[in-house]
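Using the sequences provided together with the hints, build the complete structure.
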Amino acid sequence: MRHGKYPFIIGFLVVPVALYCTFVVAAYIQSFQLAMTSWSGFGAIKYIGFENFQKLWNDDLFWKSLRHNLFLLILLPIVTIAIALVFAFLLNVGGSQRGGVTRGVRGSKAYRIIFFFPQLLALAIVAVIFGRVFGPDKSGMLNGLFPDSWSPWLFMADERWAMTCILVVLIWQAIGFYVVLFSAGMGSISSDIYEAAALDGASRFTLFFRITIPLLWGTIQVAWVYLGIAAFDAFAIVNIMTVDRGGPNGATSVLSLMIYRNTFEFSQVGYASAIGVVLFFLTLTFAALTLRVTRRESIEA
Amino acid sequence: MTEIFAKAEVDRRTLLRRAAAVGLMATPAVGMLSACVGGGDDDKTQQQSTGTKSAENPLGIDPKAGVEIIIFNGGLGTAYSTDVDTPLFNKKWPDAKVTFSQTEQISTVVQPRINAGTPPDMINNSGSNLMDFGAIVKAGQAADLTDLFAAPSWDVSGKTVADTLVPGAVEQGSYDGKPFAMNYSFTVFGLWYNKKLFDSKGWTVPTTWADFTALCDKIHAAGITPFGFAGANASYYMVRALLTSAAKIGTEQALKDIDNLKPGAWTADPIKKAAAAWGEIGNKYINKTFLGLKHTEVQLQQNQDKLAFYPCGSWLENEQAKDTPPTFEYAVAAYPSVTTSDQLPATAINAAAGEIYFAAAKGKNPQGGKEYIRAMLSKEAALGFTKLTKSLTVVSGAADGQTISPGLTSANDLLGKAGKDVFMGYLFDTWYKKLDDESRAAANDLMFKGGDADKFCQRMEAASQAVAKDSSVTKFTRS
Chain A
1 MRHGKYPFII
11 GFLVVPVALY
21 CTFVVAAYIQ
31 SFQLAMTSWS
41 GFGAIKYIGF
51 ENFQKLWNDD
61 LFWKSLRHNL
71 FLLILLPIVT
81 IAIALVFAFL
91 LNVGGSQRGG
101 VTRGVRGSKA
111 YRIIFFFPQL
121 LALAIVAVIF
131 GRVFGPDKSG
141 MLNGLFPDSW
151 SPWLFMADER
161 WAMTCILVVL
171 IWQAIGFYVV
181 LFSAGMGSIS
191 SDIYEAAALD
201 GASRFTLFFR
211 ITIPLLWGTI
221 QVAWVYLGIA
231 AFDAFAIVNI
241 MTVDRGGPNG
251 ATSVLSLMIY
261 RNTFEFSQVG
271 YASAIGVVLF
281 FLTLTFAALT
291 LRVTRRESIE
301 A
Chain B
1 MTEIFAKAEV
11 DRRTLLRRAA
21 AVGLMATPAV
31 GMLSACVGGG
41 DDDKTQQQST
51 GTKSAENPLG
61 IDPKAGVEII
71 IFNGGLGTAY
81 STDVDTPLFN
91 KKWPDAKVTF
101 SQTEQISTVV
111 QPRINAGTPP
121 DMINNSGSNL
131 MDFGAIVKAG
141 QAADLTDLFA
151 APSWDVSGKT
161 VADTLVPGAV
171 EQGSYDGKPF
181 AMNYSFTVFG
191 LWYNKKLFDS
201 KGWTVPTTWA
211 DFTALCDKIH
221 AAGITPFGFA
231 GANASYYMVR
241 ALLTSAAKIG
251 TEQALKDIDN
261 LKPGAWTADP
271 IKKAAAAWGE
281 IGNKYINKTF
291 LGLKHTEVQL
301 QQNQDKLAFY
311 PCGSWLENEQ
321 AKDTPPTFEY
331 AVAAYPSVTT
341 SDQLPATAIN
351 AAAGEIYFAA
361 AKGKNPQGGK
371 EYIRAMLSKE
381 AALGFTKLTK
391 SLTVVSGAAD
401 GQTISPGLTS
411 ANDLLGKAGK
421 DVFMGYLFDT
431 WYKKLDDESR
441 AAANDLMFKG
451 GDADKFCQRM
461 EAASQAVAKD
471 SSVTKFTRS
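Going down the list, the sequences are from chains A and B. The first sequence begins at 1 in the UniProt record's numbering and counts up by one. The second sequence begins at 1 in the UniProt record's numbering and counts up by one.
In silico lysine-lysine, BS3-like type, Cα no more than 25 Å apart, as pairs:
1. Lys178/B <-> Lys53/B
2. Lys218/B <-> Lys306/B
3. Lys455/B <-> Lys272/B
4. Lys455/B <-> Lys55/A
5. Lys138/A <-> Lys294/B
6. Lys55/A <-> Lys262/B
7. Lys218/B <-> Lys273/B
8. Lys64/A <-> Lys469/B
9. Lys218/B <-> Lys138/A
10. Lys138/A <-> Lys449/B
11. Lys178/B <-> Lys362/B
12. Lys64/A <-> Lys455/B
13. Lys55/A <-> Lys434/B
14. Lys469/B <-> Lys55/A
One-sided and incomplete, this derived list gives chain A residues near chain B with beta-carbon spacing under 8 Å:
15. Asp137
16. Phe264
17. Phe266
Keep in mind that the hints were calculated from the coordinates and are not lab data. This structure is a prediction, so every number in the text was calculated from the model and none was measured. Note that the Cβ used here is the ideal one computed from N, Cα and C, for glycine as well.
Next up, the structure:
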């Protein structure tokens, strides 16, 4: 080991570690501390033990919000990955085979760019745009497309469908990125494998399920982790798009929105921190579970 | 771009670990929302400027100390501050430099500064992102304004500041009997309509509930939505309409009970009757799509004569100024009597001071902040404010004899007709934000989802008692 290696490494690490400690670790510790208080956000801090968590247990809105987060956690990754895989497959190997070489559908390069566009828009802009798409009267884009004889669909104003609308927006926004991610993954699968399979008379369907998916499994798991994290957030879309922010009647409330509202609107920073602590453990559990599952991955390209 | 992903593919474990790390970082990002308002030490009071009190300087400000003010930039704009108030202030105190800033996000900008012990001297706490003022008062962060209201008026000789204000103005900014906030603008609430449309159709403003529903039938037959409000973000306009009706049935006491979290306040007879009457309007005359619309969208529909009556305050005309066609002339009517045995007359209205301005108790120059407020409460500044914002102020009679706009004239007439039957309304919405939130959802439910008055009352009663029992919520009372 050469002399002077450590100062060199430390030199690199000092700034990021200091930043991480200030803005991540310290924030965590403070959240845990505040979760034990009844602090309003101003003035003196009073410790109340686990009372906030007790209150949380009895808070209907908390359970509702948690259910909505779980709804997103289950459906967002599944639907996004399914659609993105299909698109990526079509873009890369779904087209005609010429001279034994598989290629994407016609114009796949242009599609690839178009699919990525939503990723470039700020989330707030996406929310405002979809607010118009889901407009509840004839001025809304979808309602405007429906025949005049239909009574308008309420979308965000309908308790049964509001959360689904949120899901649709999140999926629309996410798909482009995963199409590109999966395309890259597929690009690294040797075309020999496809050719061999094609020679054996495998259909496109078989190619997709027997070759593409197993060889992409690792990438899919990465996507799963990212999308799971997005499902725990969803704050911006919910805050901007929904009726009565998180309504109607709490039908679209999520944990991150509850944290924000309790902190900045209800002056219950202690309570908000308690929700933050719960969210911390949920995210930790999710990340740990996902990592555990990935340890069993076996197929390598 | 694809190469980047392809390289990451080489070592999936690392990538996965990194992905998980990102996940962990997502939580502190929300955790930091609370952490960034950290601190909260009580003894961070800094050196504060003071001067010698005199007849010319009743608040004893230091004539050379600067004053920092922050103004919410919303419907009222900020020109009244930069073009009227500050020049007026500097005419008297040329050496006191006024540092002006403005924001649309009061809470995000000011709350961290208050907690760090370095607040601006005078703060305009307004907008949808305003700070919970009750909590600020309890934390001792707002300066006591008693000396300000007792000081001589800026430009009305022989009167104190309090003497020059409309009745209830000081009370409305008082917490447990002490004034901490100056509510500057004076808002008249009622049912807003297009006078030109009503005149052309021969519709007259109703005074009884039977007249109201009969007129709604006529309006409905003409293909116009009779009544509506924006459920997506402005259902509190509906809450105010409902509670105004309740106060007319059972006097303002009904609202005081609600503010004081008295058990049974929400299930009392006046509230039930008002909820039943309005629920019926919701069932029959509202456009159900309004639940998903924002206030600007509904207000625009009214400007297009697709909606007849809209419950709102007198800021409406100014807010819609650029969308109002020449065929539209704003006018306001009092809410019709609900029953024949209403305790207040049909002309009674709810008019309240709004837009909080306060001096920070722990700023560098709280007396300077107060002096700035005193300048705002001069007749000259008040008239300037009304001219610029088309909104009345709590300075009584400041805009008398001025022709400003049809809507404002209509509101002024309404005030005149109401005489002594003007009531301030309720404060629970600023005292207990959580209850305010529940009332918005409950009003939406009542008006758009079947008009069940009992459900409305029970739900609000439960929410009110939950707040009453919650020891972490600071309580206030009024009488």
